[in-house]
Each structure stands twice: as C-alpha cells, then as structure tokens.
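> For the record, the sequence lines run as chains A and B.
Here the first sequence stands for residues 1 to 644, where the numbers follow this note's numbering.
Here the second sequence stands for residues 1 to 644, where the numbers follow this note's numbering.
Watch out, some of these pointers could steer you wrong.
[Claimed, not checked] Chain B side only, calculated, beta carbon under 8 Å to chain A, not exhaustive:
#	residue
1	Met253
2	Ile264
3	Gly288
4	Gln290
5	Gln296
6	Met316
7	Met320
8	His337
Hints are computed from structural coordinates only; laboratory data are not their basis.
Predicted model, so just to flag it, every value in this text is computed and none were measured.
Using N, Cα and C, we set each Cβ at its ideal position, and we do this for glycine too.
Number of protein chains: 2
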Amino acid sequence: MESVRVTLSDGKSVEIRRGSRIYELASLLSVDGGIIAAKLNGSPVDLSRAIDEDCSLEWVSIDSPEGLDVLRHSTAHLMAHAVQSLFPGTQVTIGPTIQDGFYYDFKRETPFTPEEIAKIEQRMEDLARANLKVTREEMPKAQAIEMFRRMGEDYKVSIIEGITEDPVSLYRQGDWIDLCRGPHVPSTGKLKAFKITSVAGAYWRGDEKNEMLQRIYGTSWPTKPALKEYLRLVEEAKKRDHRKLGQELGLFMISDAIGPGLPIWLPKGALLRSILERYIVDIERSLGYQHVNTPQLARVDLYKRSGHWDHFKDNMYPPMAFENKEELVLRPMNCPHHIIIYKHELHSYRNLPIRLAELGTMYRYERSGALSGLSRVRAMTLNDAHIFCLPEQIQAEAVGVIRLIQRVYRDFGFKEYWYRLSLRNPKDKINFVDNDAMWDTAEEYLRQALAEVGVPYKEAPGEAAYYGPKIDVQLNDVLGHSETLSTVQLDFYLPERFELEYVDKDGQYKRPVMIHRGVISTMERMTAFLIEHHAGNFPLWLAPVQLKIVTVTEQQLDYAREVFTELKDAGWRVELDERNEKLGYKIREAQLAKIPYAIVIGDSEVQAQTVAPRRRGGENLAPMPLNDFIERLKSEVAQERGEA
Amino acid sequence: MESVRVTLSDGKSVEIRRGSRIYELASLLSVDGGIIAAKLNGSPVDLSRAIDEDCSLEWVSIDSPEGLDVLRHSTAHLMAHAVQSLFPGTQVTIGPTIQDGFYYDFKRETPFTPEEIAKIEQRMEDLARANLKVTREEMPKAQAIEMFRRMGEDYKVSIIEGITEDPVSLYRQGDWIDLCRGPHVPSTGKLKAFKITSVAGAYWRGDEKNEMLQRIYGTSWPTKPALKEYLRLVEEAKKRDHRKLGQELGLFMISDAIGPGLPIWLPKGALLRSILERYIVDIERSLGYQHVNTPQLARVDLYKRSGHWDHFKDNMYPPMAFENKEELVLRPMNCPHHIIIYKHELHSYRNLPIRLAELGTMYRYERSGALSGLSRVRAMTLNDAHIFCLPEQIQAEAVGVIRLIQRVYRDFGFKEYWYRLSLRNPKDKINFVDNDAMWDTAEEYLRQALAEVGVPYKEAPGEAAYYGPKIDVQLNDVLGHSETLSTVQLDFYLPERFELEYVDKDGQYKRPVMIHRGVISTMERMTAFLIEHHAGNFPLWLAPVQLKIVTVTEQQLDYAREVFTELKDAGWRVELDERNEKLGYKIREAQLAKIPYAIVIGDSEVQAQTVAPRRRGGENLAPMPLNDFIERLKSEVAQERGEA
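Put together the whole structure using the sequences plus the hints.
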C-alpha cells in the first residue's frame with residue numbers, strides 16, 4: 001500500500017493510504033464530530049478532498065471562525081437551492097458570507113414577499129432534512145460557461161467569464177449546482193439552525209447604473225440554542241441601538257440640511273459629551289498631560305510632509321484654495337499639529353517626556369452610504385495625545401497609559417475587555433517599515449509594559465501600524481463583536497520625517513520617540529458605545545440628567561422647588577417636573593428617559609421634610625432627609641468611580 | 001447792508017452781513033479759540049469760507065473727532081511741505097488721515113533715513129512756527145493739470161485726471177500747494193504738537209504691480225501734553241501687545257506650516273481658554289441656556305437659505321465638493337445650525353424661551369495681509385447663543401443678557417464700558433429691512449430693557465444690523481479706541497426665512513423672535529483683549545498658573561512638594577520650581593511669567609510649617625500657615641468674582 005504522511009496541527013503525524021479522503025482520516029483518528037472542513041497545507045478544503053501527497057492538515061471545527069464561515073456559506077447555497085426550486089426562472093448571482101451570516105442576490109423582477117420568505121425557509125428545512133450530499137467537481141471554464149448559459153444563468157456566465165481560473169470548481173447538492181470555490185459541509189444535514197433575517201434591494205456589482213437584484217440575508221449556527229441566543233442578542237442590540245436610543249433620549253440628531261455624517265449634539269447629548277470631556281481632560285492634566293488647542297485645518301503641505309497625503313488622501317476632505325496658491329485642508333489626524341508644537345521649542349532630555357493632549361476634531365471623507373449614527377461619521381473629536389519621550393521612557397509611558405485606560409474603563413462600567421499586542425508581520429517588508437532592529441526593540445518595550453501591569457494579552461502578528469507596534473484594547477459589543485476603543489502606538493517614523501530632536505546628556509541631538517495614544521476614543525464612538533453598553537442606563541455620575549423631582553400634586557411644588565435648588569446648588573444635574581400630570585405618568589416618563597432617580601414628593605414628604613427616591617429600575621427607597629439622600633448619591637458615585 | 005441768517009447748532013440764529021467769513025462770525029460771537037473749522041449746512045468747511053446765504057452752521061472744535069481729523073490732515077500737508085522743501089524732486093501722491101494720525105506717500109527712489117526724518121520734523125516745526133496762512137483756491141481742472149505737470153508732479157496729474165470735479169480745490173501755504181478738498185486749519189501756527197512715528201514702503205494705488213512709494217506716518221494733537229500722553233499710551237500698548245505677551249507667556253503661536261490666521265493655543269493658553277470656556281458655560285447652564293455641539297460645516301444650501309451665501313460669500317471659505325454634487329462649506333456663523341435644532345421639534349408657547357448656546361467655531365476668509373495675532377484670524381470660537389422667544393419675552397431676555405454681561409465684565413475686571421443702542425437709519429430702506437412697525441417695536445423693546453437695568457446708553461442711528469436693532473457693549477482698548485465685545489441683537493428676519501414656528505395659546509402657528517447674543521465674544525478676541533487690558537497680569541482666578549513654589553535651596557524640596565500636592569489637590573493651578581537655581585533668579589522668572597503669587601520656602605518656613613507668599617507686584621506677605629494662605633486666596637478670588 002502506497003502511503004503518505006500527514007502532519008497534524010498538534011505536531012503529531014500519521015501515515016495513511018495515498019488517495020484517502022480527509023473524512024476517512026477523521027474517522028480513523030476518531031476526531032470529534034464537530035469537524036466540517038479542514039485546512040490542507042493551510043488552504044481550506046472539503047472533508048471529501050483526497051490526500052495525494054505528504055501534507056500538513058488542520059481540522060476546522062464547526063464553531064471556529066473558519067468553520068462558521070463554511071457553515072454559513074453552505075447555508076447560502078441551501079437558500080439559493082430552495083429559491084430556485086420554488087421560483088424557477090430566478091437567476092442566482094453571488095452569495096457570500098458576512099459577519100454572523102450570509103446573503104444571496106437573486107435576479108427576479110419583484111421583491112420576495114414575507115409569505116415567500118416563509119416558504120423559502122420551509123424548503124431550506126426540507127432540503128437540510130433530506131441530508132443531500134454536497135459534492136465538488138471541476139469543469140473546464142468553457143464547458144461551465146456553456147452549461148450555465150443553457151440553464152439561463154446569465155449572471156453566472158458573466159462571473160465565470162470574469163475569472164482567470166480554468167478549470168473552475170462547482171458544487172452540487174441534489175439537482176442543484178453552483179459555481180463555488182468552497183469548501184462546503186459534506187451534506188446538507190449539517191445545516192441545523194438557520195434563519196432568513198431580512199430582504200433588500202441591491203445593484204448588480206454594487207453599481208447603481210446596473211439592474212436591481214433581490215438580496216436575502218440569513219444567519220446560520222451550529223445548533224438551535226446558538227441560533228436562538230444570537231437572535232435574542234440581535235433583538236437586544238436593536239433595543240440598545242444608539243441611533244434609536246440617541247433619538248429617544250434626545251442625545252443627538254442628524255439633519256439633511258446640514259449634511260450626512262455630521263451629528264448634531266442636542267442639549268442632553270452635548271451635556272453628556274461635556275461630562276466626558278471634562279472628566280478625561282481633568283484626569284489627564286493631573287497626570288502631567290498638557291492640553292493644547294489647535295486649528296482643525298492646515299496647509300496641504302503639512303500632510304505631504306507627514307505622509308498622510310500620499311497614503312490617506314482618499315479619506316481626506318477636498319482641499320480649499322486660498323490666495324497665493326495656498327491650499328488648506330481639514331485635518332484627517334491631529335499628530336502633525338502636535339509635532340509642530342513640539343518643534344516650536346528646543347528640548348532637552350530633562351524636559352521629556354512631553355505629553356501633548358487635545359480633544360482634537362478630525363475629518364474623514366466617508367461615502368454617504370457608509371455613514372451610521374455616531375459610529376461612522378465625517379467629523380469626529382478624538383481624545384488624542386502624543387507623548388514625545390526618550391527610548392528608555394517608552395515602557396513607563398506605556399504603563400501609564402494602560403493604567404489610565406483601566407481607570408477610565410472601571411469608571412465607565414466596562415468589566416470585560418482584553419489586550420491585543422499588534423505586531424508586524426516580520427516577512428512583510430512592504431506594509432511594515434523595514435527595520436527589524438527597531439521593531440524588535442519596540443515590540444519588546446510593549447511586551448514589558450504589559451508584563452509590568454500584569455495583564456494577559458494576545459499577540460496579533462500583522463496587526464501593527466505601518467510605522468510601529470501597538471497595544472489595542474478590545475471590547476465586545478452587544479453581539480459579541482470585538483472593537484478597538486483604545487490604543488497605545490509606538491512611532492519611530494514621524495519623528496524621522498519631521499526631524500524631531502532633543503539634546504541629550506552628551507550634548508548630541510537625538511530623535512525622540514512618539515507614542516500616539518487614545519483612551520476614550522472619539523467622543524462620537526465612545527458615546528455610541530456607552531449608549532449601547534448601558535442600554536442608555538448611564539452610570540449615575542455620567543447621566544446627563546441624574547435626578548428628576550416629581551410631586552404627587554401641585555400642592556408640593558413649593559417644597560419641591562426648595563429640594564430642586566438645594567440639589568442644583570450641590571452640583572447635581574436635576575430637573576423638576578412642574579406639570580400638572582398624574583404621578584404615575586410623570587414617573588413613567590422619568591423612567592423612559594432613563595434618569596437614575598425619580599425623587600417623589602407627596603404630602604408626607606413635605607411634612608417630614610424628606611424625599612422618597614425611586615431608582616431607575618423601579619425600586620423604591622424609604623423616604624429620607626434630603627441630606628441623607630445626597631450622601632447616598634455621593635457614595636454611589638464614589639463606588640462607580642472606584643473611590644469608595 | 002444785505003444780511004443772511006445763520007442758524008447755529010444750539011438752535012439760536014444770528015444775522016450777519018452777506019459775504020462774512022466764518023471766522024468773523026466766530027469772533028463776533030466770541031466763540032472759544034479751540035475752533036478750527038465749521039460745518040456749513042452739514043459739510044465741513046474752512047473758517048475762511050464766506051457765508052453767502054442763509055445757512056445752518058456748526059463749530060468744529062480742535063478736540064472733536066472732526067476737528068482732530070482737520071488737524072491731522074493739515075499736519076500731513078505740513079509734512080509734505082517740509083519734505084518737498086528739503087528734498088526737491090520728491091513727488092507728492094496722497095496723504096490721508098488715519099486713526100490717531102496721518103500718512104503721506106512720496107515718490108522717491110530711496111527710503112528716508114532716520115537723520116532725514118529728524119530733519120523733516122525740524123522743518124515742520126519751523127514751518128509751523130512761521131504761522132503760514134493756509135488758503136483755499138479753486139482752479140479749472142485743465143489748468144490744475146497743467147500747473148502740476150509743469151511742477152513735475154506726475155502723480156497729482158494722474159489723480160486730478162481721475163476725478164470728476166471741475167473746478168478743483170487747492171490749498172496753498174507759503175510757496176507750497178496741493179490738491180485737496182479740505183477743510184484745513186487757517187494757518188500752520190495751529191499745528192503745535194506732532195511727531196513722525198514710522199516709515200514704510202507702499203505701492204502706488206496699493207497695487208504691488210505699481211512702483212514703490214515711501215510712506216511716512218505721523219500723529220498730531222491739539223496740545224503738547226496730549227501728544228505726550230498719546231505717545232506714552234503707544235509705548236504702553238506696545239508693552240501690552242497680545243502678540244508680544246502671548247509669545248512671552250507661552251500662550252499661543254502662529255505657524256507657517258499650519259497656516260496664517262490659525263492660532264495654536266499652547267498649553268498655558270489652552271488652559272486659560274478652557275478656564276474661560278468652563279466659566280461661561282457653567283454660568284449659562286445655571287441661567288437656563290442649553291449648550292449644544294454642532295458641526296463646523298454644513299451644506300452650502302443651508303447658507304443659501306439663511307442669506308449668508310448671498311451677502312457674505314466673499315468672507316466664507318471655498319466650498320468642498322463631495323459625492324452626488326453635495327457641497328459642504330465651513331460655517332461663517334453658527335445661527336443656521338441652531339435654527340435647525342429649533343426646527344427639529346414642534347414648540348409650544350409654554351416651552352419658550354429656548355436658549356441654545358454653543359462655543360461655536362466659525363471660519364472667515366481673511367486676506368493674509370489683514371491677519372493679526374488672536375485678534376484677526378481665519379478660525380474663531382464664539383461664545384454664541386440664540387434665544388428663541390415670544391415677542392413679549394424680548395425685554396426680559398435682553399435684560400437677562402445685559403445682567404450676564406455685567407457679571408462677566410466684573411469678573412474679568414472690566415470697569416469702564418458703555419452701552420450703544422444701534423438703531424436703523426429710518427430713511428435708509430436698502431441697508432435696513434423695510435418694515436417701520438417692526439423696527440419701532442424692536443427698538444422700543446431694547447430701550448426698555450436698558451431702562452430696566454438702569455444703565456445710560458448712547459443711541460447710534462444707522463448702526464443696526466440689516467435685520468434688527470442691537471445693543472453693543474463698548475470697551476476701550478489701551479489707546480482709548482472703542483471696541484464692541486458683546487452684543488444683543490434682535491432678529492425678525494431669519495425666523496421668517498426659515499419659517500420658524502411655535503403654537504400659541506390660541507392654537508395658531510406663529511413666528512418666534514430670535515435674539516443673537518455674544519457675551520465673551522470669541523475666545524480669540526477676548527483672550528487678546530484680556531491680555532492687553534491686564535498687561536498679562538490676569539486676575540488670580542483666571543491666571544493659567546496661579547502659584548509658583550520656589551525654595552531657597554534644595555534642602556526645602558521635600559516640604560515644598562507637600563505644599564505643592566496640598567495646593568494642587570485643593571484645585572489650585574500651581575507649579576513647583578525644582579531647579580537648583582538662585583532664589584532671586586527663580587522669583588524673577590515667576591515674576592516675568594506674571595504668576596500672581598510666588599510661594600517662597602526657606603528653612604524658617606520648613607521649621608514653622610508656613611509659606612512666605614510674594615505677590616506678583618513684589619509685595620512680600622508675612623509667612624503664614626498654608627491653610628491661612630489658601631483662605632486668603634479663596635477670598636481674593638471671591639472678591640474678584642464679586643462674591644465677597
């Protein structure tokens with residue numbers, strides 16, 4: 001028997017008969033049933049692929065990112081199969097996976113109705129239960145074109161004509177066939193938990209000059225409970241959507257008259273933002289950051305020197321022409337402005353580190369279709385800072401920033417987050433500055449900083465910036481997707497481009513290192529995140545309105561006004577509802593506005609000179625003198641801020 | 001004797017012989033000797049003018065604005081006379097008056113040297129002492145051209161060729177003659193106190209394509225003491241120049257790399273600015289203003305609707321083209337953004353007034369030649385607010401704003417300022433909205449508001465905005481020139497253009513009134529003004545660095561650090577000078593940095609656990625326990641802020 005050697009990802013190796021199928025090997029090794037594909041010498045393949053020579057092999061389990069991708073891709077095929085069996089004449093086009101699911105675009109004159117969608121889902125169930133074998137075959141390109149032409153699949157023909165491979169691969173399940181690279185599940189019976197989530201129109205090849213297609217979105221999971229949990233989270237995410245809550249809570253608006261992607265912070269949102277801004281500025285000042293205030297635009301030449309113009313021009317606003325051929329442009333980033341400030345004076349090693357900070361507004365040219373609420377905008381204000389330091393100060397500065405991030409996250413109520421150390425790909429000399437010594441040193445500084453703080457972290461090769469490694473702090477959104485909110489980034493590149501200097505102990509001019517760091521991200525992004533994370537129920541210290549006084553009748557208004565004034569003078573953000581409405585109605589309104597406490601005042605409170613606080617959640621506290629309540633509020637804030 | 005009737009400005013009238021000279025009438029009436037010209041039927045004329053028919057007459061005294069203008073214009077002639085008598089072949093061109101003085105542009109190949117300037121001044125003195133009679137004559141234009149051509153005065157020829165009057169008027173003193181409308185002093189002996197202040201190059205007709213002329217600037221005053229006082233103030237103003245102090249105190253910089261007119265607020269300046277910003281925002285919030293935060297740009301269409309595009313385009317930045325023919329432009333004013341917020345909701349009369357406020361950054365296209373420090377810039381942040389109210393709320397709102405201005409000015413240490421009620425010119429229907437009823441009502445509201453606050457004011461017809469009357473609050477700069485820092489402006493026009501509405505008691509939709517108001521002006525302008533007003537010696541509460549701790553030797557550093565931490569934790573802006581330098585040197589540096597207090601710590605302070613404060617002015621306070629000093633500081637701030 002002729003055999004080949006298969007090296008597995010755990011380092012072990014096994015000899016099997018040449019030409020064995022991967023599923024045979026799986027069976028031989030009693031690999032767990034959750035395997036739905038494999039990686040052969042690093043490339044994803046079907047389990048039915050034959051092993052013809054010595055190779056390395058990695059199992060792809062159904063709940064790994066790659067496995068989920070296979071699962072969803074196969075579910076897209078399942079859906080197309082169902083659609084074409086139900087609606088003959090409907091043409092298939094493309095059907096990729098997306099985050100948490102997939103879509104498929106069909107050529108059909110009319111949109112799918114809800115009844116049709118239900119039928120499609122039913123047919124998908126039937127086809128899955130039939131456990132059709134999914135098989136791969138290869139076909140010469142010309143033959144494939146001919147076949148799809150006969151089937152009336154003009155779009156497939158057009159797609160195949162546009163690709164260079166020959167032969168092409170096709171996947172067949174029952175009587176249905178599609179062009180596809182794969183891999184796919186071995187049989188449709190593996191598809192156990194899926195759902196169509198929405199329908200929409202979409203242009204062929206994304207171009208509005210082309211004909212309109214019908215897009216159906218779906219999701220697919222390894223198990224029914226996983227699907228159910230996902231759908232629950234989607235519902236929860238909808239409730240927490242910052243665009244919805246932002247409107248309901250009167251935090252911000254977008255106006256067509258002003259322009260898309262340019263949020264307008266309404267009074268309560270602007271108040272929340274100013275609480276965030278003062279909070280971080282005050283902490284930063286106490287930590288030795290020097291806040292500056294720089295113009296939001298500059299000469300185009302500045303960005304030519306920084307390199308932004310060459311690498312980032314497409315994301316910049318159009319320049320504005322002034323007299324004498326001067327061109328100004330809204331800034332895409334704040335770093336060059338801070339560099340100009342650094343260069344304004346001669347620095348000695350004794351003055352470093354210099355930490356220049358700013359709530360810096362920046363502009364990004366985003367296509368209007370990509371814009372969304374506060375999270376994808378055309379103008380944003382970053383909690384930005386640039387630390388100019390000696391190489392030997394990098395570790396201490398990075399530690400300082402990580403500790404600041406920890407403090408801020410605690411105050412914001414973020415309990416789960418993780419650190420990613422984003423490194424270069426050492427083989428890639430094009431996307432990462434080619435200077436191994438620099439990278440090794442810089443990466444080591446950051447590793448040591450993380451070690452000093454004593455937090456676990458994951459290394460992510462290839463995720464660094466062009467000019468240096470960085471620490472990314474990752475948070476999960478409601479759907480469990482990870483987002484970078486804070487970063488600490490080393491930069492040896494801009495100091496070089498701008499010829500930054502300091503005078504060292506030995507009297508020599510040397511280059512400082514720059515650390516770009518963002519703690520609370522942009523005001524826009526952090527506000528969106530805070531809204532969704534807390535479902536609008538901001539911590540007491542952060543709530544734009546903290547307290548709302550409601551009286552049982554108008555009889556108690558005099559006393560209520562005294563309470564109002566006392567709270568306001570003590571620095572609390574308080575409102576008094578003076579309307580002649582029913583108590584229940586007023587409490588409900590305060591609840592909907594997600595105000596942390598309603599302060600109820602009736603006759604007994606007036607008589608006893610007390611207040612009856614009611615928590616946002618519905619819990620009624622026993623009536624107490626106002627001063628006691630204020631003490632309680634103070635200690636609640638202290639607890640939130642970790643000062644208790 | 002044939003007589004004519006002259007009506008004087010006090011309403012009295014007198015009959016004199018037809019053909020009398022005005023100076024004869026002055027002599028007849030024993031008018032004060034400070035008269036140097038007159039206004040005949042409203043037009044300025046020489047005292048030698050003959051009175052040929054019934055007329056009204058007003059005396060122009062030498063120290064009135066019009067009198068000073070005559071004086072300075074005559075001094076310009078005196079200077080040109082001196083120059084041409086000293087430097088034959090030098091041609092005259094133009095010589096207008098400017099604020100506080102005059103200049104004259106001469107055609108001469110080489111600039112005037114300091115020695116030549118001294119000679120010119122001396123010759124001017126001589127010519128003044130000679131008390132040459134200054135006489136007016138008229139000459140047919142052609143004859144005047146011929147005369148100046150013969151004299152070799154090409155520029156005068158060119159000027160006369162360009163004017164339409166015929167005959168033209170000329171002024172002669174001694175053997176010197178110039179084309180001039182006049183009026184002038186009767187004789188050079190009236191010119192008693194003048195000085196050449198500077199020389200510069202200037203292009204003929206202000207066009208850099210033309211030949212370069214030599215410009216000599218001078219000033220002229222009725223008396224030597226007035227001149228001396230003016231020159232003292234100029235020196236004082238130079239010392240207080242915010243551009244000079246701004247640099248010395250490290251408050252701001254301008255960078256050619258970023259662009260002219262775009263100031264960069266350095267750490268101390270940014271701190272000062274943030275003190276100003278938080279101060280005014282906190283007060284405004286407590287007064288019921290709702291602060292918002294809106295984008296600094298908008299679609300061009302928004303400014304078309306507001307009318308800014310038509311009337312103000314030349315002062316706006318160039319628009320930026322986006323996808324789908326969308327054009328965005330940096331905003332020249334904040335009002336349209338606040339209007340969009342107002343329109344976002346339906347308003348009841350019960351919700352009004354709505355006071356929307358913002359530290360709103362705006363952009364003005366200024367030619368680079370016009371830019372200056374923080375006072376003339378291309379980007380500025382206004383302490384802006386727009387009050388949307390019922391007509392019957394105008395008075396109360398205007399009163400509220402005036403009282404706010406009074407409070408802020410007291411806190412800023414502004415003691416002398418005055419109110420100007422800027423009204424329409426009722427005859428001018430082009431520069432002022434044509435709606436007499438509206439104007440009468442609006443003007444009356446503001447009058448009543450000023451009366452309610454009980455402050456005196458001057459009415460200034462013709463100084464209103466296009467769309468409504470306003471109250472301007474005027475402050476004098478160091479040279480005594482009045483500037484508008486704060487305004488309260490009524491606007492019935494934008495509510496109309498944007499169709500703003502509220503639902504009134506009767507259920508009808510009605511237009512609210514808008515009040516545009518600025519209290520502390522732009523951050524840029526107010527900072528420039530504060531620097532110059534206080535010569536950099538900011539009040540304690542406003543100083544970016546309030547306290548500087550200096551030790552006699554390094555021995556006291558431990559104790560000094562304790563003092564530093566205690567002061568910092570108590571919220572004071574304090575620095576500790578840890579350098580090993582001489583005490584005197586460190587104190588001098590604190591003094592130059594205009595820090596309100598140096599806190600001196602020597603061995604005796606360490607032993608007694610006290611501090612020895614030293615005021616910015618040099619006064620040493622007796623050593624005292626730190627807590628006593630903090631109490632003292634608090635009461636000083638309270639006194640500055642009128643809270644004592």
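> Report the numbers of all earlier hints that the structure fails to satisfy, in ascending order.
3 and 6
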